[in-house]
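Asks: Listed below, chain by chain, are the residues.
2 protein chains.
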Amino acid sequence: MADTSAKRLLDSDKTGEPAPDVKRGKTDNENGREDGNESVQENVLSGFKTSSVLSDSAREKNIFIHGKVADQDAVVILEKTPIREDSLAELFSGSTLKLEMKNDIYSTYRLQAPPHLNEIKTTLVCPATEKHIKKYQRKESFLVEETEADYKNITLPHIVKQSFSVQWVYNILEKKAEAERIVYEDPDPDVGFVLLPDFKWDQKQVDDLYLIAIAHQRDIKSLRDLTSEHVPLLQNIFQKGKEAILQRYNLPASKLRVYLHYQPSYYHLHVHFTKLGYDAPGCGVERAHLIADVIQNLQSDPQYYKTRTLYFPLRADDGLLSKFKEAGRL
Amino acid sequence: MADTSAKRLLDSDKTGEPAPDVKRGKTDNENGREDGNESVQENVLSGFKTSSVLSDSAREKNIFIHGKVADQDAVVILEKTPIREDSLAELFSGSTLKLEMKNDIYSTYRLQAPPHLNEIKTTLVCPATEKHIKKYQRKESFLVEETEADYKNITLPHIVKQSFSVQWVYNILEKKAEAERIVYEDPDPDVGFVLLPDFKWDQKQVDDLYLIAIAHQRDIKSLRDLTSEHVPLLQNIFQKGKEAILQRYNLPASKLRVYLHYQPSYYHLHVHFTKLGYDAPGCGVERAHLIADVIQNLQSDPQYYKTRTLYFPLRADDGLLSKFKEAGRL
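Protein chains in written order, with my numbering: chain A, 1 to 330; chain B, 1 to 330.
Mixed in with the good hints, there may be bad ones.
Just so you know, same-sequence chains aren't split out, so a pair can sit in one copy or run between any two.
Stated by the list, open to error - Below, in silico cross-link-like pairs of lysine to any residue (SDA-like), each with a Cα-Cα straight-line distance of 25 Å or less:
1. Lys175 - Pro82
2. Lys134 - Glu229
3. Lys49 - Ile159
4. Lys176 - Tyr106
5. Lys323 - Glu145
6. Lys135 - Phe164
7. Lys200 - Leu246
8. Lys204 - Arg248
9. Lys306 - Ala292
10. Lys176 - Ile105
11. Lys98 - Asp317
12. Lys152 - Arg329
13. Lys161 - Glu178
14. Lys325 - Leu251
15. Lys139 - Ser265
16. Lys139 - Gln205
17. Lys98 - Phe48
18. Lys49 - Glu90
19. Lys121 - Phe48
20. Lys204 - Gln303
21. Lys200 - Asp188
22. Lys49 - Cys126
23. Lys242 - Tyr278
24. Lys68 - Lys139
Simulated from the structure, these hints should not be mistaken for lab results. Predicted model only: the values in this text are computed from it and were never measured.
With the sequences and hints as input, model every part of the structure.
Replies: Structure, rendered in structure tokens:
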């Protein structure tokens, strides 16, 4: 189960780019809990010993580090937070500016901000297994072509053999975990789902809105399992998900990109809701499938996703890629 | 024609994301000057009055702001700095951690770092002209749903009325321009094409490889015009394009993302070849269509793209968006 939970964190890794896969926390309503733990937790990383940088992104301002916490293997993920409009006034008045360059109408500075206005999201995985460490390592991706036969002969046996646990998904569906994070739920066993923020989103601004709808139905592994009988489920998730996001975040459907991944990170049907214009990891055409297209395709061909050749990227260290190579399919 | 060339250069603008146009300053060698100016410059932004946020990126952690400095129009650009490996030890030992969430082996924190280890690059343009302000403004995008009827009633009349010139495309096909940039050509009038680097690619490294294949056939405006009769053309572009890229750049097909845009930037059939793993502008699922999928869809339904509802983003300033709004379709 630990390994599979890791898969959840690694949702976008198959794109070949280390994602800003930082678990994001709650905000105001958790202050009590937070404060209670603060003194205990303050020093957790003070003795962190870095072994190696697994990957980093200068563009996204994040870094994935392997190291030790009190002799245990750990992975630490740091990512700077987006700049918030509502903190600008305090940022300008409360910071120190160091001039770097002045030329005509242009000048550049290094701004040193009050720490509480310039936090760094930090995720600690401890103890981390070899698999965690490998997963966060920067890895090349390859585009794989999967025919109907390839799915039956290569991909499906691999999924079954790995028997990835989705216990953490069931915990959410059964309210055993993260119940307070749920944004919307339709409890219907056939077409129902739970909508909650993705860990990649800190919920402080809608610019990078990212929610996940998890179906209550437990027997749909991925896009490949979908037939026309699932159209009502998909339509329900699409429609009610959009409505819930409009109500909660005041973001209309015309500002949303709603899609499934293939391959998914975990084999329980889920749908991604991200803000249009936010370059969300994994929203590229090589991995994402718009739910509106999926619905249309199933309506005109009930077996569309069972029979089609599908294309997707796999990282160099993905076990499934080795299986495709062994089968001479790459 | 000027307008159309402009459209070509603006190929990616429909994604609605501003580029990280941040001027960068110098560092160490400027310390003397910096110290000299420090006291004077410290307060430049303390009285900054924000008029509006022109654009920002939650992914890249930057923000472009229009406002006033001492009654003068100004643009301020803030961008958080990448996390540096050489400051990690000090960052871990010198920061405060606030626990947000703990679940099994995962925990998340807000890290408050010493200001000098967590600077924000700041660029001031002052006085700024109207042109500066416009340049940094985000053009918002909206997702449009285009049915078969919408295409006939809204989009096609708009394309025809605008009569966008593609003379520059004909110049390439006829070797009147850019002949020396051609990477490969198949001169066949039916299935032939010209392959050349996109303007966005400087050709200095294959990491961000970006080529365009332009069909010799002149009567195909876009994806909407494609039927099964065009499958040989698409297959030829796909196959020979991949071969040419392997030969010239030593990049195999498994490292390529090959797709069409809808809406395209110009209404003459062309195909994008970009490197897998390079986050090319316009490769998102909301605008890109894998050529391999297009071929399959046309093979099973010759009228697939004539009849399907298609989804695409349009920028707020796109004339076509106004037409959809006037028709009550947004």
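Asks: Does each hint hold? Answer for all of them.
Replies: Okay, the hints, checked on the actual structure:
| no. | hint | verdict |
| --- | --- | --- |
| 1 | Lys175 - Pro82 | neither (30 Å within a copy, 38 Å between copies) |
| 2 | Lys134 - Glu229 | neither (39 Å within a copy, 47 Å between copies) |
| 3 | Lys49 - Ile159 | neither (36 Å within a copy, 56 Å between copies) |
| 4 | Lys176 - Tyr106 | between (55 Å within a copy, 16 Å between copies) |
| 5 | Lys323 - Glu145 | within (13 Å within a copy, 39 Å between copies) |
| 6 | Lys135 - Phe164 | within (15 Å within a copy, 48 Å between copies) |
| 7 | Lys200 - Leu246 | within (20 Å within a copy, 36 Å between copies) |
| 8 | Lys204 - Arg248 | within (13 Å within a copy, 46 Å between copies) |
| 9 | Lys306 - Ala292 | both (18 Å within a copy, 17 Å between copies) |
| 10 | Lys176 - Ile105 | between (58 Å within a copy, 17 Å between copies) |
| 11 | Lys98 - Asp317 | neither (43 Å within a copy, 34 Å between copies) |
| 12 | Lys152 - Arg329 | within (14 Å within a copy, 42 Å between copies) |
| 13 | Lys161 - Glu178 | neither (29 Å within a copy, 54 Å between copies) |
| 14 | Lys325 - Leu251 | between (44 Å within a copy, 18 Å between copies) |
| 15 | Lys139 - Ser265 | within (16 Å within a copy, 33 Å between copies) |
| 16 | Lys139 - Gln205 | between (30 Å within a copy, 18 Å between copies) |
| 17 | Lys98 - Phe48 | between (30 Å within a copy, 16 Å between copies) |
| 18 | Lys49 - Glu90 | between (35 Å within a copy, 11 Å between copies) |
| 19 | Lys121 - Phe48 | within (16 Å within a copy, 28 Å between copies) |
| 20 | Lys204 - Gln303 | neither (41 Å within a copy, 45 Å between copies) |
| 21 | Lys200 - Asp188 | neither (27 Å within a copy, 49 Å between copies) |
| 22 | Lys49 - Cys126 | within (13 Å within a copy, 45 Å between copies) |
| 23 | Lys242 - Tyr278 | within (17 Å within a copy, 30 Å between copies) |
| 24 | Lys68 - Lys139 | within (22 Å within a copy, 45 Å between copies) |
Consistency with the previously given hints fails for numbers 1, 2, 3, 11, 13, 20, 21, ordered from lowest to highest.
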